[in-house]
Every structure is written in structure tokens, then in C-alpha cells.
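Here the structure of chain Y is known, so what remains is to put chain R in place on it, guided by the hints.
Same order as they appear, the protein sequences are chains Y and R.
Residue numbering for the first sequence follows full-length UniProt numbering, beginning at 1 and increasing consecutively.
Residue numbering for the second sequence follows full-length UniProt numbering, beginning at 1 and increasing consecutively.
Treat the hints with care, since some could be wrong.
Intra- or inter-copy, both count: the list cannot distinguish identical chains.
Said to hold, decoys possible - Here are the computed lysine-lysine pairs in the PhoX-like style, where the Cα-Cα straight-line distance is at most 20 angstroms:
| id | residue 1 | residue 2 |
| --- | --- | --- |
| 1 | Lys151 | Lys315 |
| 2 | Lys229 | Lys315 |
| 3 | Lys271 | Lys229 |
| 4 | Lys315 | Lys152 |
| 5 | Lys62 | Lys82 |
| 6 | Lys188 | Lys177 |
| 7 | Lys188 | Lys62 |
| 8 | Lys152 | Lys211 |
| 9 | Lys188 | Lys47 |
| 10 | Lys193 | Lys62 |
| 11 | Lys152 | Lys271 |
| 12 | Lys90 | Lys236 |
| 13 | Lys35 | Lys344 |
| 14 | Lys315 | Lys271 |
| 15 | Lys30 | Lys152 |
| 16 | Lys177 | Lys28 |
| 17 | Lys34 | Lys344 |
| 18 | Lys271 | Lys151 |
Honestly, the hints are just simulated from the structure, not real lab data.
Quick caveat: nothing in here was measured; it's all calculated off a predicted structure.
One letter stands for each residue in the lines below.
Protein chains: 2
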Amino acid sequence: MSQQNGFNVAVVGATGAVGQQMIQTLVKEKFPIKKLTLLSSSRSAGKIVIVNGEEHTVLEAKPESFEGVDIALFSAGGNVSKELAPEAVKRGAIVVDNTSAFRMDPETPLVVPEVNEGDLHLHNGIIANPNCSTIQMVVALEPIRKHFGLKKVIVSTYQAVSGAGASAIEELMEQTKSILNNEAVEPKILPVKSDNNHYQIAFNAIPQIDKFQENGYTYEEMKMINETKKIMHIPKLQVSATCVRLPVAVSHSESVYFEIEADDVSANDIKALLKDAPGVILQDDPENQIYPMPANCVGSNDVFVGRIRNDLDEKRGFHMWVVSDNLLKGAAWNSVQIAERLVKLGLVGERE
Amino acid sequence: MSQQNGFNVAVVGATGAVGQQMIQTLVKEKFPIKKLTLLSSSRSAGKIVIVNGEEHTVLEAKPESFEGVDIALFSAGGNVSKELAPEAVKRGAIVVDNTSAFRMDPETPLVVPEVNEGDLHLHNGIIANPNCSTIQMVVALEPIRKHFGLKKVIVSTYQAVSGAGASAIEELMEQTKSILNNEAVEPKILPVKSDNNHYQIAFNAIPQIDKFQENGYTYEEMKMINETKKIMHIPKLQVSATCVRLPVAVSHSESVYFEIEADDVSANDIKALLKDAPGVILQDDPENQIYPMPANCVGSNDVFVGRIRNDLDEKRGFHMWVVSDNLLKGAAWNSVQIAERLVKLGLVGERE
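So that you can see chain Y by itself, here it is in the shape it has in the complex (with noise of 0.2 angstroms):
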């Protein structure tokens, strides 16, 4: 996985779930990588990757390991965020990050490509991805927002568990196991795994995702509610949100209630628009139950939208249904995308 012109890569949290993708999209999309470095925690360094066939060993994260990077994509919690993405930016590279670290810091751009790629301009060296649930909504709503103007947001969610993590994944499908053979289970990672109290998520709902504020909301839903302001540039935009975890591994699911500025708009307007919408593909023909589901997600860097129909009170008030791969648009694939239109747009220089 290298070639002669190209781009020294770093994936740091190379061994999470998000960071696999990482490798994979890096992969899949034919990034021009010149040299790839796998960076993780200690506990996980000396792990073996296979990418293209090729042994990477990651290799502990440090301040030194970006000497000579041009991008970093990092994904491995906000702590090493906070610490390590300055160290890589003072070493000239361009951080992607893909934690909470640096979202809602006046001075780093939070960057969904389809919404505000313009953005990447202002950059002090970190970009910053920003949260899953957040991503897939804001891509189907800026084609209504950039026609139509855009007033009010109600989201409720319907989360995959990967959102937590490899380990929460295997807490699904063991937790499972066990309940089909009438076996006790034990919770231990979700839905927080530093909160105290961890809940049976096989066959349930759980309504908590990251740890309550003060507020009542949770830390996922006040996610939602800031990142959306930032990225479509509307601080005024009412936005509210009630997330919730499902059993289901991958691809997150979005209720979404909105009210857009214009008048005499019709659901047939709205799907018009999101038909040719760039990161968007529409599924929606009730009549033949076509609808977007998760488990028809998994794998696309797509949003699948679907389900729009107009309220039935207020003349300017929608629904829809919005689904996408958590692990790719609303990670991996939304990060190299970044990569890309940095590469594209000549803000990170080429190694020859």
C-alpha cells in the first residue's frame, strides 16, 4: 500500500472499529498513500494490520510518530485528541479528527464535504469529523436548507451499537447468544461503559447514548444539536434530539421532523431535490415498500433517504427517514473524504 507520489498517512486508533474502516476506505477509495503508519495506544501497539495484503505493525502513538506525516487520521478517543493532534500539527501535518475533541472549538472547522467543504479553508491544522448521527442528518438536510431555507429539527434516533465500539458489538451478539438459549447476561459495556449502570441492550431500547448533561439531554443529543448549528452555519436553527440505542450492529437510523422557510413546498419538491443530492440516494416509493433499513446500509459511504412526506398540520413541516453506514459517512469514509478534498483543493502538499 504505497506508491511514489503520494501522501504519508497516519491512522491513529488503527486497531478500533472506526479505524479498521479507516484503513479500508484508505483502501477502497485508492487514496495516494506514500507511506502508511498505524498508530495506536500502547495496549494496542505491537498488533499486526493487514492492508492489501501487506503487514503493517502498529506502532505506539507518540509525539515523534508524525514526524514526516502530510495527514493524520485520528480516531482513537478524545484524550489522544487533545494531546497528540497538537503534536502532529506542530510536525506539519493536517489533522482529521474523528473525536469530540476539537468539534466545537471556535477555531477548527467542523467539515461534512457535501455541507460545508468551504470550511476547510479556514483550517489551523485539525479538521474535525464530526459525530455519526450528526453527519447522515446534515447531509440530507442541507440540499432542503440551500433550496428551501430550514427552520426547525426534530430527531428522534435509532442507533447501531458499533457507535460504542468493537466491544459493544460482541456485547450484542453474545448478549443474544445467551438470551436465545435462556442464559443470564451480564452488561457491561452498554450504553456507557464508564457510567455506572450497564443495560441489556439484545432485544431492548436503551435511551442513553455518551453520559447525561444537567440538562436532561445526553451528551449524543446536545452532539446533534451543536454540530448541526456549526456545520450548516445556522446558529438560530432550532434543533432538537432524543437519541436511543438499538440491537443492530451497523448503520444508523434518523426520525426526522423538520420545518423549512418557504412557502407552497411539497414532499414531491423535497424528493426531487434529494433524488440528485450529492452523498444522498433516495429510496422512497411506499407504494412498493421501498424504504431505506440498516441492514441494507451496511458497507455504503451513501445516506439513504427516505419515508418524506409533509406533516399533516403544518404546511411547512416534513418527515423523513435517513440511514446510513455509522462506521463510514458517519466516520471512516466522511474523514478520508476530508483527505481527499484537501488533496483536491491544495491544502496539504504532495511528497514526491
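Just chain R, lined up with the frame of chain Y:
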């Protein structure tokens, strides 16, 4: 299961998921039964059902089956109700119908005892039991409407497969096993047995419950919209719904956004109200990760409410999370509860 004084009770659809729960609920609630008659379609007739240790043979439901019956609980599909409920009424029975056959008939009361018990007085022999997802929502909303007025409701549901019958529970379990064993699955029941396409429910979410209408909403969504207005006696209430099926066996969950009419109401005011509301159990302590979850609500007659919080933009807007056993409060218990209230209100005569 009989006593000297009491009522002749018939259960129509006695072998179905709800019918079975109706029988168990009659026993559990010690409903005063003089004679219990179990009825079904010809397909299930002849089956033996054990009730309180006594064998009962299920008989084919025919017009004559209702001779001498005081109270008939119907849950055998809309067509059976349309055909046989009037026959039961003609023979002096009072019918509590759990199908959608008469729900929107202006002459038929649609009753959730905690909300509109008074409507029982207006019956013409038939009382309709609302849709499961509607019942739990209005139980939580009614105290709010009563004290603060209610203007608008937007609900996204997280519904269990048991709402589609016992065969859907079996499909979920068998399909889950197959997927864990890497075997191919062939969905046959969900989302709607009589529709053309059937989709995987295990580790998935299906945004279709019941068939689609021309306006892009499903019948399930329209039931929530229309029934809520009728039960709460607010024809102008703005209600919208998105109904989604989950890989959960029993208990529906709902993410409910609502706007009240009163000013200066806090989330704590709503919590205080619901803490003492009939049929409601408040489980709302985010700091200690206490909120309702479907796995914990199975087997309870109550409606569990948590995650109550103010919308961050709309002062009169709130969010809550409502969970209840769809086979009990959503069906069997609400029906038996209606029968109990009919007795208490003297609307059905006791046999001696």
C-alpha cells in the same frame, strides 16, 4: 374459572397473542366470571386452552356463540369483529373490540379508561379498544393536557414485533438464530404479512407498520393521529407519527415531542404531574441512569415515562420517552380494564 355471581364472558380470538393475554389478564385481575367461553376462527377451533388449571375447548365463533354472553372481548381481526360484534350485541352482549373495525365510527366510543372513561356511557353495544401505540401515549399525555393544555404532538415509535402477532415473535427469534449461525433468512411475516415484500427484522429496523396509505403515511401512523384526537376530544390537536418496527419481542417505546398551551411550565412540573398520574410510573432520574426500557416493562399493566425535558428552543415544547407492554396496556389489559369499568359504572348487568 367460574363463580356463582358474575358475568358470562367470551373471548374471541382466544388462541392469538392478545387473546391469550386477555385470558391471563381476566384471571390475574380476578374478573368476576360466571362462565368463560373461548372462541376463535374455524382454523383454531378445537384447541384446548388451560385457564386457571381448567381445560377449555376453543369453539368456532358463530352468531349463536353469543347467546347468554354478557361481555365479549374481541381480538380476532377486523373482519371477524365487523361480522360478529353486531351479532353479539343483538344477543345482549356488550362488546369490547380490540380491532380497528369500529374505532373511528362516530357512534362507537374509543376508550382508554385513564383518559375518557366517561365515553363508556355513550356506547351502543360496542366499545372500541384503541391501537396499542396510541393507548400508551395518551395515558402519558392526558394529565398534561388536563393541566397545561395540549397543542401539538410529534411521535416516533420503537415498536415490538408482538404487535404483528405471535408468528412475528417466532420470526424474530428464528431469524436471529439463523443470522447468528450465518444462515440465510427468508422473511415471511414482517413488516405486513399480506403485503408483497417481507424484510429482515433481526438486527434491523423497519419503518413500516401496517400498509401504506396514499398520503405516504402508514395506517399505523394514521391510527395514532386520528385515535389520539378522538380519545382526547381535541379534533384540532396537531399530531404526527412515524412508526418503526424493532427487533424487540414485547413492549413499545415512543419518543414523544409535545407542545403545551400554558406558559411558564417546567420539566419538573410535568414530572410532578406524571408521578401521581393514573396508570403511569415515572422513571426519570438521568443522574442515576433511570429511564424506561422495553425489556423492563414486559408483564406490567402500567405506562412508564422518563427522559422528560424541556425543548431547548421552544419554551412550551417538551420531550419524553414512553414505554409500555403492548400486549397488556396496549391491548389485553386496556380491554379488561374497560370491562371492569363497565361493571363498576353499572353498564352491564350481573347474572345471578
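* Asked: Which earlier hints can't be squared with this structure?
  -> 3, 7, 8, 9, 10, 12, 15 and 16
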